[in-house]
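**Q** What follows is the residue order along each chain.
There are 4 protein chains.
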Amino acid sequence: MDDDSRTKRWERRTEVPLGTASLLYLAAYAVHVLALGLSGAGQALCLAVLLAAWVLFALDYAVRWRLSGDGARFVRTHWLDTLVLLLPLLRPLRVVRVYEAVLHRRGRPRLTLHARVIVYAGLSVALLGFAGALAVYQQEHAEPGATIRTFGDAVWWTCATLATVGYGDVSPVTPLGRLVAVGLMACGLALLGAVTGSFSSWLLQVFSREEEPTRDGPGDSEGPPGK
Amino acid sequence: MDDDSRTKRWERRTEVPLGTASLLYLAAYAVHVLALGLSGAGQALCLAVLLAAWVLFALDYAVRWRLSGDGARFVRTHWLDTLVLLLPLLRPLRVVRVYEAVLHRRGRPRLTLHARVIVYAGLSVALLGFAGALAVYQQEHAEPGATIRTFGDAVWWTCATLATVGYGDVSPVTPLGRLVAVGLMACGLALLGAVTGSFSSWLLQVFSREEEPTRDGPGDSEGPPGK
Amino acid sequence: MDDDSRTKRWERRTEVPLGTASLLYLAAYAVHVLALGLSGAGQALCLAVLLAAWVLFALDYAVRWRLSGDGARFVRTHWLDTLVLLLPLLRPLRVVRVYEAVLHRRGRPRLTLHARVIVYAGLSVALLGFAGALAVYQQEHAEPGATIRTFGDAVWWTCATLATVGYGDVSPVTPLGRLVAVGLMACGLALLGAVTGSFSSWLLQVFSREEEPTRDGPGDSEGPPGK
Amino acid sequence: MDDDSRTKRWERRTEVPLGTASLLYLAAYAVHVLALGLSGAGQALCLAVLLAAWVLFALDYAVRWRLSGDGARFVRTHWLDTLVLLLPLLRPLRVVRVYEAVLHRRGRPRLTLHARVIVYAGLSVALLGFAGALAVYQQEHAEPGATIRTFGDAVWWTCATLATVGYGDVSPVTPLGRLVAVGLMACGLALLGAVTGSFSSWLLQVFSREEEPTRDGPGDSEGPPGK
Numbered sequence: 001m002d003d004d005s006r007t008k009r010w011e012r013r014t015e016v017p018l019g020t021a022s023l024l025y026l027a028a029y030a031v032h033v034l035a036l037g038l039s040g041a042g043q044a045l046c047l048a049v050l051l052a053a054w055v056l057f058a059l060d061y062a063v064r065w066r067l068s069g070d071g072a073r074f075v076r077t078h079w080l081d082t083l084v085l086l087l088p089l090l091r092p093l094r095v096v097r098v099y100e101a102v103l104h105r106r107g108r109p110r111l112t113l114h115a116r117v118i119v120y121a122g123l124s125v126a127l128l129g130f131a132g133a134l135a136v137y138q139q140e141h142a143e144p145g146a147t148i149r150t151f152g153d154a155v156w157w158t159c160a161t162l163a164t165v166g167y168g169d170v171s172p173v174t175p176l177g178r179l180v181a182v183g184l185m186a187c188g189l190a191l192l193g194a195v196t197g198s199f200s201s202w203l204l205q206v207f208s209r210e211e212e213p214t215r216d217g218p219g220d221s222e223g224p225p226g227k
Numbered sequence: 001m002d003d004d005s006r007t008k009r010w011e012r013r014t015e016v017p018l019g020t021a022s023l024l025y026l027a028a029y030a031v032h033v034l035a036l037g038l039s040g041a042g043q044a045l046c047l048a049v050l051l052a053a054w055v056l057f058a059l060d061y062a063v064r065w066r067l068s069g070d071g072a073r074f075v076r077t078h079w080l081d082t083l084v085l086l087l088p089l090l091r092p093l094r095v096v097r098v099y100e101a102v103l104h105r106r107g108r109p110r111l112t113l114h115a116r117v118i119v120y121a122g123l124s125v126a127l128l129g130f131a132g133a134l135a136v137y138q139q140e141h142a143e144p145g146a147t148i149r150t151f152g153d154a155v156w157w158t159c160a161t162l163a164t165v166g167y168g169d170v171s172p173v174t175p176l177g178r179l180v181a182v183g184l185m186a187c188g189l190a191l192l193g194a195v196t197g198s199f200s201s202w203l204l205q206v207f208s209r210e211e212e213p214t215r216d217g218p219g220d221s222e223g224p225p226g227k
Numbered sequence: 001m002d003d004d005s006r007t008k009r010w011e012r013r014t015e016v017p018l019g020t021a022s023l024l025y026l027a028a029y030a031v032h033v034l035a036l037g038l039s040g041a042g043q044a045l046c047l048a049v050l051l052a053a054w055v056l057f058a059l060d061y062a063v064r065w066r067l068s069g070d071g072a073r074f075v076r077t078h079w080l081d082t083l084v085l086l087l088p089l090l091r092p093l094r095v096v097r098v099y100e101a102v103l104h105r106r107g108r109p110r111l112t113l114h115a116r117v118i119v120y121a122g123l124s125v126a127l128l129g130f131a132g133a134l135a136v137y138q139q140e141h142a143e144p145g146a147t148i149r150t151f152g153d154a155v156w157w158t159c160a161t162l163a164t165v166g167y168g169d170v171s172p173v174t175p176l177g178r179l180v181a182v183g184l185m186a187c188g189l190a191l192l193g194a195v196t197g198s199f200s201s202w203l204l205q206v207f208s209r210e211e212e213p214t215r216d217g218p219g220d221s222e223g224p225p226g227k
Numbered sequence: 001m002d003d004d005s006r007t008k009r010w011e012r013r014t015e016v017p018l019g020t021a022s023l024l025y026l027a028a029y030a031v032h033v034l035a036l037g038l039s040g041a042g043q044a045l046c047l048a049v050l051l052a053a054w055v056l057f058a059l060d061y062a063v064r065w066r067l068s069g070d071g072a073r074f075v076r077t078h079w080l081d082t083l084v085l086l087l088p089l090l091r092p093l094r095v096v097r098v099y100e101a102v103l104h105r106r107g108r109p110r111l112t113l114h115a116r117v118i119v120y121a122g123l124s125v126a127l128l129g130f131a132g133a134l135a136v137y138q139q140e141h142a143e144p145g146a147t148i149r150t151f152g153d154a155v156w157w158t159c160a161t162l163a164t165v166g167y168g169d170v171s172p173v174t175p176l177g178r179l180v181a182v183g184l185m186a187c188g189l190a191l192l193g194a195v196t197g198s199f200s201s202w203l204l205q206v207f208s209r210e211e212e213p214t215r216d217g218p219g220d221s222e223g224p225p226g227k
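Residue numbers (the UniProt record's numbering), protein chains in the order written: chain Y, 1 to 227; chain C, 1 to 227; chain F, 1 to 227; chain A, 1 to 227.
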């Protein structure tokens with residue numbers, strides 16, 4: 001239990017710096033991809049931020065590995081962390097946890113379960129979609145024969161993909177762009193399933209709660225009974 | 001509780017006028033968008049109706065804010081009302097509530113939970129889809145290179161989007177049209193999730209209810225036993 | 001209860017003839033649409049079968065209305081029957097009920113709830129899809145600029161629509177074809193939601209049932225303990 | 001029960017050889033389809049492996065039929081096995097079972113129900129998608145007017161189909177290719193429904209479990225209380 005609490009303390013202390021590093025990573029990647037007219041120094045700065053953030057993530061992974069006391073099992077039991085280390089664009093998803101932790105520290109009451117799933121899944125879809133649109137735009141925009149030519153196209157394509165609508169007016173043509181697209185489909189489907197499922201079960205809950213007052217008793221809607 | 005009951009009384013009194021104003025708003029917007037050959041006076045009338053309805057919505061929002069007794073918290077706890085105030089095309093969704101209130105006042109028995117979710121979500125999808133088709137048509141029809149050229153195209157595109165089919169034979173090309181499309185995807189997905197979920201759970205319920213009579217006893221299908 | 005039992009007796013007696021009439025209706029419609037080289041007499045026979053079947057449906061509707069003893073309320077409480085009377089292509093869905101009744105009469109054990117929902121929804125989707133493909137093909141195949149030119153195209157388009165995949169390589173262009181398409185999307189989504197929901201809950205049930213034997217006791221897989 | 005245990009013993013003994021044969025079948029089919037420059041001898045070897053594996057499957061089916069002691073009923077009660085015998089490309093799905101059996105034999109703890117459904121459905125989707133992409137590629141790549149010209153296109157199309165996104169930038173044009181596509185849509189939808197459903201219910205479970213510690217008691221996050 002000592003190891004556990006040390007791991008927990010580590011996680012509590014590092015979550016805000018690591019969350020900030022995640023957002024910096026995403027921002028630096030966005031600038032790197034979108035700011036085509038950036039000078040060489042600007043590009044170098046972006047790459048430096050990307051590298052520094054990634055080193056931070058690797059350090060955090062290493063420290064948590066050592067604190068866990070597990071051997072090679074850690075890689076498998078924490079496969080999500082391992083995957084995020086290899087694909088740091090998924091890192092900003094951690095911000096969702098930081099957001100909750102910050103809310104919690106300020107003593108805010110927790111949201112209801114459904115609201116939390118919707119907020120977290122919505123936030124995750126937004127971050128994931130932004131990262132995916134950046135990655136697809138980077139792969140596609142200079143390709144001959146590509147239909148995704150501006151970042152706006154990439155965002156539009158991402159929305160149509162995450163909603164599983166898939167118009168096909170624009171779509172990736174390069175192998176790497178298509179690989180990102182498949183990842184986006186898989187993650188997006190799972191997260192959207194969570195949003196849709198929670199929303200519909202919340203709707204059902206709301207409707208059944210609305211039904212109760214009419215059974216509780218008369219006079220409720222006529223004004224307070226004197227008390 | 002006094003505040004609450006005053007809010008409730010306010011809501012009960014305003015729901016029919018506000019519902020009518022919502023439908024007028026939608027109708028005026030539809031005329032404004034679709035009646036291209038309308039004279040200047042007709043267009044001015046439409047805009048006057050749009051503005052008057054919006055002022056009514058804003059007044060209702062202000063009154064409910066004051067009655068609630070909350071300060072700035074009201075904006076956050078009633079974020080849905082705030083959003084609807086800013087995007088009045090979502091307003092007609094309130095008609096769904098009015099419809100229920102009117103049914104209730106006439107002493108009609110409530111529908112079962114599943115039926116209500118299906119009716120409300122279906123009605124909401126229809127109103128939302130109509131408003132969305134109007135907005136997309138307004139943005140797109142005059143754009144060079146657009147594929148949505150008639151209102152029929154816009155309605156067809158809206159249906160394919162709300163069902164997440166997304167043929168892509170027609171699709172928006174302007175940034176604003178695409179923004180509306182993304183909103184339509186998000187709302188539509190959530191509402192369709194509700195419809196699909198309720199329908200399938202209702203189907204399961206029906207099948208399990210149909211199974212019971214065969215267990216209850218024999219002779220049920222042979223005619224009444226003399227009583 | 002006397003009225004109820006008379007209605008039930010009527011339904012039991014008419015279900016097989018009406019089911020046969022439904023299938024004849026669908027077959028005659030298919031021949032009417034697909035057999036382009038049919039002689040005038042053949043076409044007249046098809047139309048006669050279509051009309052005769054529809055008159056049967058109308059008679060059944062009238063008898064059940066009278067037996068129910070309800071007045072105008074019948075139209076609303078039996079809105080599904082009313083809709084089916086107006087759109088007789090939906091009629092073959094009744095075959096699903098006949099299929100169950102026949103199985104039941106032969107003393108076959110009922111399928112489990114999940115299996116029944118999957119079988120009925122699957123059968124309904126198949127019948128609905130066939131009728132929809134016929135209707136869309138009839139509207140589209142002679143239209144200039146249409147992409148649905150053969151019945152194979154129409155079936156392929158129907159499958160892509162019912163699965164909400166919607167490639168868009170072929171899609172209807174006429175207003176009536178698109179109206180059928182929207183109905184197909186709505187029905188298909190609901191029925192597919194039922195299939196998907198039942199299948200996934202059945203999967204979960206299977207997995208949880210598979211888990212139990214390993215808990216029940218050892219030796220179960222080593223052979224019978226002597227009994 | 002003796003028959004049952006003999007069937008079980010048979011299944012336990014054959015699962016690893018049959019699983020290996022399934023993978024060999026899939027591999028031989030992949031080589032047969034993709035290795036266009038293969039010499040005549042190589043092609044003959046592939047066909048021999050395909051035939052040998054299929055004979056093994058048929059033998060297994062026959063033995064299990066005889067062991068079951070059922071007559072013609074076996075074909076109906078084991079319709080999934082019958083279908084797999086006729087469409088051996090579905091055979092590799094059995095590998096999913098072998099994977100579980102191997103894990104079980106090594107004494108590994110079972111995964112939780114949700115994790116198992118996700119892993120099995122994910123694995124099945126991957127195998128099914130690979131087999132489907134191969135079959136579609138074989139039908140389409142040499143067809144004039146086809147848009148699926150490389151195996152990469154076929155895989156990309158398969159992913160877009162299984163996720164029900166359906167861009168339509170590439171899509172099958174031959175009748176057989178479209179038949180495979182429809183099967184892929186049906187199976188993919190069911191399996192994806194299982195993945196999405198389990199993932200979202202797992203998400204809900206995780207969130208509700210995360211909520212409990214905050215109720216259990218204070219001090220949990222402040223360090224161990226001396227024990």
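Just so you know, not all the hints are guaranteed correct.
Partial list, computed: chain A residues near chain Y (C-beta under 8 Å) [said to hold, decoys possible]:
#1 Y167
#2 D169
#3 G183
These are calculated hints, taken from the structure and not from any lab test.
The C-beta atom is built at its ideal place from N, Cα and C for all residues, glycine as well.
**Q** Please go over all the hints and tell whether each is borne out by the structure.
**A** Outcome of the hint check:
1. This hint holds: Y167(A) has a C-beta 4 Å from the nearest C-beta of chain Y, less than the 8 Å allowed.
2. Here the hint on D169(A) is kept, as its CB sits about 5 Å from the closest CB of chain Y, short of 8 Å.
3. Among the interface hints, the one on G183(A) is violated; its C-beta lies about 20 Å from the nearest C-beta in chain Y, farther than the 8 Å criterion.
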